[in-house]
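Asker: So the sequences go chain by chain: V and P.
Using my numbering, the first residue of the first sequence is number 14, and each one after it goes up by one.
Using my numbering, the first residue of the second sequence is number 14, and each one after it goes up by one.
Hints are supplied without guarantee of correctness; some may be wrong.
Distance windows between CB atoms, simulated [said to hold, decoys possible]: (1) P/Gln16 <-> V/Asp219: 38 to 46 Å; (2) P/Val82 <-> V/Arg157: 34 to 42 Å; (3) V/Arg157 <-> P/Pro103: 46 to 54 Å; (4) P/Asp237 <-> V/Arg78: 43 to 51 Å; (5) P/Gln16 <-> V/Arg172: 34 to 42 Å; (6) P/Gly77 <-> V/Asp129: 21 to 29 Å; (7) V/Arg137 <-> P/Glu108: 20 to 28 Å.
No wet-lab data here; the hints were simulated from the structure.
Quick reminder that beta carbons are idealized off the backbone N, C-alpha and C, glycines included.
Chain residues, written in single-letter form:
2 protein chains.
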Amino acid sequence: MPQRTRIKALAFDVFGTVVDWRSGIARGAGPVLARLGRSDIDPHAFADGWRRRYQPALEEVRSGRRPFVILDTLHREALEDLLRHHAIDPATLDEDTLVDLIHAWHRLDPWPDSVDGLTRLKTRYPIVTLSNGNIALMLDMARRAHLPWDAILGAEVSRIYKPLPESYLATARMLAVEPAELCLVAAHHSDLAAARAAGLQTAYVDRPLEYGGRPAPDADDGQDWEFSVDSLTRLADELCR
Amino acid sequence: MPQRTRIKALAFDVFGTVVDWRSGIARGAGPVLARLGRSDIDPHAFADGWRRRYQPALEEVRSGRRPFVILDTLHREALEDLLRHHAIDPATLDEDTLVDLIHAWHRLDPWPDSVDGLTRLKTRYPIVTLSNGNIALMLDMARRAHLPWDAILGAEVSRIYKPLPESYLATARMLAVEPAELCLVAAHHSDLAAARAAGLQTAYVDRPLEYGGRPAPDADDGQDWEFSVDSLTRLADELCR
Numbered sequence: 014m015p016q017r018t019r020i021k022a023l024a025f026d027v028f029g030t031v032v033d034w035r036s037g038i039a040r041g042a043g044p045v046l047a048r049l050g051r052s053d054i055d056p057h058a059f060a061d062g063w064r065r066r067y068q069p070a071l072e073e074v075r076s077g078r079r080p081f082v083i084l085d086t087l088h089r090e091a092l093e094d095l096l097r098h099h100a101i102d103p104a105t106l107d108e109d110t111l112v113d114l115i116h117a118w119h120r121l122d123p124w125p126d127s128v129d130g131l132t133r134l135k136t137r138y139p140i141v142t143l144s145n146g147n148i149a150l151m152l153d154m155a156r157r158a159h160l161p162w163d164a165i166l167g168a169e170v171s172r173i174y175k176p177l178p179e180s181y182l183a184t185a186r187m188l189a190v191e192p193a194e195l196c197l198v199a200a201h202h203s204d205l206a207a208a209r210a211a212g213l214q215t216a217y218v219d220r221p222l223e224y225g226g227r228p229a230p231d232a233d234d235g236q237d238w239e240f241s242v243d244s245l246t247r248l249a250d251e252l253c254r
Numbered sequence: 014m015p016q017r018t019r020i021k022a023l024a025f026d027v028f029g030t031v032v033d034w035r036s037g038i039a040r041g042a043g044p045v046l047a048r049l050g051r052s053d054i055d056p057h058a059f060a061d062g063w064r065r066r067y068q069p070a071l072e073e074v075r076s077g078r079r080p081f082v083i084l085d086t087l088h089r090e091a092l093e094d095l096l097r098h099h100a101i102d103p104a105t106l107d108e109d110t111l112v113d114l115i116h117a118w119h120r121l122d123p124w125p126d127s128v129d130g131l132t133r134l135k136t137r138y139p140i141v142t143l144s145n146g147n148i149a150l151m152l153d154m155a156r157r158a159h160l161p162w163d164a165i166l167g168a169e170v171s172r173i174y175k176p177l178p179e180s181y182l183a184t185a186r187m188l189a190v191e192p193a194e195l196c197l198v199a200a201h202h203s204d205l206a207a208a209r210a211a212g213l214q215t216a217y218v219d220r221p222l223e224y225g226g227r228p229a230p231d232a233d234d235g236q237d238w239e240f241s242v243d244s245l246t247r248l249a250d251e252l253c254r
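In isolation and in its complexed conformation, chain V is listed as follows:
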């Protein structure tokens, strides 16, 4: 077996890997939907719809057809689209309510093992975000949830969205490490596959509750990742021994 390159830094996907976006968004959306008299809409389905809806907008930016805009902006557009889909005119919500709902993405809870796992991993490796989330979003989330990042990197810093190869390569470059010295930690096979294609090492974290127990869209795309664990504390067991 060939010797693995020594890992010098860990970059983390965040939504789904470190925090539970579905429960957090449902928690934020529930009371708003209730105030609108729309308790018929399941807040968890609303969260799923929101997450799904900004993928086409991300693709517009990735393709270069649209200049870079931050995720908060794409979240807002996707929310307005989702509201219209449910026959709710976004203009009937006041601006504070809209912004507060968009900021539900800033207030997501970590999975139970995340803070302990990150704290232990940080003793050995620099730990940075490599998320499509913007800086203010990641910073608000980290302060609220006590995520001890060494740096917030990712889309807004490199002005490019995953899974384009340059998003991974720019992060390695900013950390002054070779791509093979950087390990992406993610719950999504698609993200890991793109990172591997760019030359990074890969650590898969199984998060069976990300979609409320239903399989992830890319559940069948697994590969033989360098690491495969079911929590960040287990990753710390493997990487910090």
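On the provided structure of chain V, position chain P as indicated by the hints.
Answerer: Here is chain P on its own, set in the frame of chain V:
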């Protein structure tokens, strides 16, 4: 007296304000100069010469005559120039020694009050770097010195060097705050003056030992800053009460 805008985040100059670059560089350069048989060169004067020497290169980038390059690169060029000034051919130093010397900037010690002050300020405000230092430099320094930044912003993230107005404005934008809601904390009147001109609030930290007890180049450029303290713990006393 007009009501001040509420501060929502603190951005810090780092070299001189949070860490003691002169002692750290002298500590790194001393043994190298000794090995070269050049104990006649005072390591502190060497540090002063190095710091002074990259200002023209910074100006080349600020003016747009040269595309953005990170500070590690400018540090290297300035070092080679300084060595030649002392009749030392940079090629006589092996690459590891050169890189290690450049990385002395990654291993600077904080002033005695910095970690405690930042830790207390962080309980109330997001604290970010707004330094001309690059990301890997700031990250290495923070891990070694236990500086608890919420995010590493500044030159490499905004692709622009202080004191250009956009360096301050881009930082406010990335934090999703208005310029007047962001306070720059710095030991240099010139930096603070540029931040104020861009609309930021300002906190001056007196660091009489930055130049080994001699006055700073901009010592006479003081203004009536919003805050003026002699340590980051004193700033925490003022801002966290």
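Asker: Determine for every hint whether it applies to the structure shown.
Answerer: Each hint tested on the structure:
1. P/Gln16 <-> V/Asp219: 38 to 46 Å: For P/Gln16 and V/Asp219 the Cβ distance comes to about 52 Å; the hint is violated.
2. P/Val82 <-> V/Arg157: 34 to 42 Å: Since P/Val82 and V/Arg157 have Cβ atoms about 36 Å apart, the given range 34 to 42 Å holds.
3. V/Arg157 <-> P/Pro103: 46 to 54 Å: holds (48 Å)
4. P/Asp237 <-> V/Arg78: 43 to 51 Å: holds (50 Å)
5. P/Gln16 <-> V/Arg172: 34 to 42 Å: Given range 34 to 42 Å: holds, Cβ gap about 37 Å.
6. P/Gly77 <-> V/Asp129: 21 to 29 Å: With Cβ atoms ~47 Å apart, the hint is violated.
7. V/Arg137 <-> P/Glu108: 20 to 28 Å: holds (27 Å)
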